[in-house]
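Participant: Sequence:
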Amino acid sequence: MQSNSTNIISFVSNKLRFHFDIQVGENPLDFHIIDAKDKVKEVTYGLENLQGEMNHIIKEQEYQRGREDDYKQTSEDTNGNVLWWAIIQLLILASVGIWQIKHLKDFLIAKKVV
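Reading the sequence shown from the start, the letters are residues 1 to 114 in full-length UniProt numbering.
Keep in mind that the hints are not guaranteed to be accurate.
FRET-style restraints, in silico, Cβ to Cβ [as the list claims (entries may be wrong)]:
hint: 1; residue 1: Val96; residue 2: Thr74; range: 24 to 34 Å
hint: 2; residue 1: Glu60; residue 2: Ile98; range: 52 to 62 Å
hint: 3; residue 1: Ile109; residue 2: Gln89; range: 29 to 39 Å
Hints were generated in silico from the structure; no laboratory data involved.
Computed from a predicted model, the values in this text were never measured in an experiment.
Cβ coordinates follow ideal geometry from the N, Cα and C atoms, glycine included.
Let's have the full structure, built from the sequences with the hints guiding it.
Facilitator: What follows is the structure, given as structure tokens:
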């Protein structure tokens, strides 16, 4: 509050003017601080977004590793089964061959060719 007069006499004879400067609300904003806070919020949001994407990528990699392990185990089981099947076929073929040779020998002895 201020007056335009400094004299008491002029105070009585003249009209007294008052100037009121009223500020309502918060103090004026410092835009440098606001810009810095907004940039920090942007960077924070960006980091949170990147962390979410990294977590998603990590989960996807773990899922793919699990699928790869399952596929590897299935392949190893199949290879083992194929090996046993080949051994069984070889044993059957050898036993049939031995049986045929024995049967042919007995046949030739019975016919008195040998």
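Participant: Each hint: holds or not?
Facilitator: Hint by hint, here is what the structure shows:
1. Val96 x Thr74: 24 to 34 Å: Since the Cβ atoms of Val96 and Thr74 sit about 33 Å apart, the hinted range of 24 to 34 Å holds.
2. Glu60 x Ile98: 52 to 62 Å: 57 Å, holds
3. Ile109 x Gln89: 29 to 39 Å: Given a distance of about 31 Å, which is inside 29 to 39 Å, the answer is holds.
When held up to the earlier numbered hints, the structure conflicts with none and fits them all.
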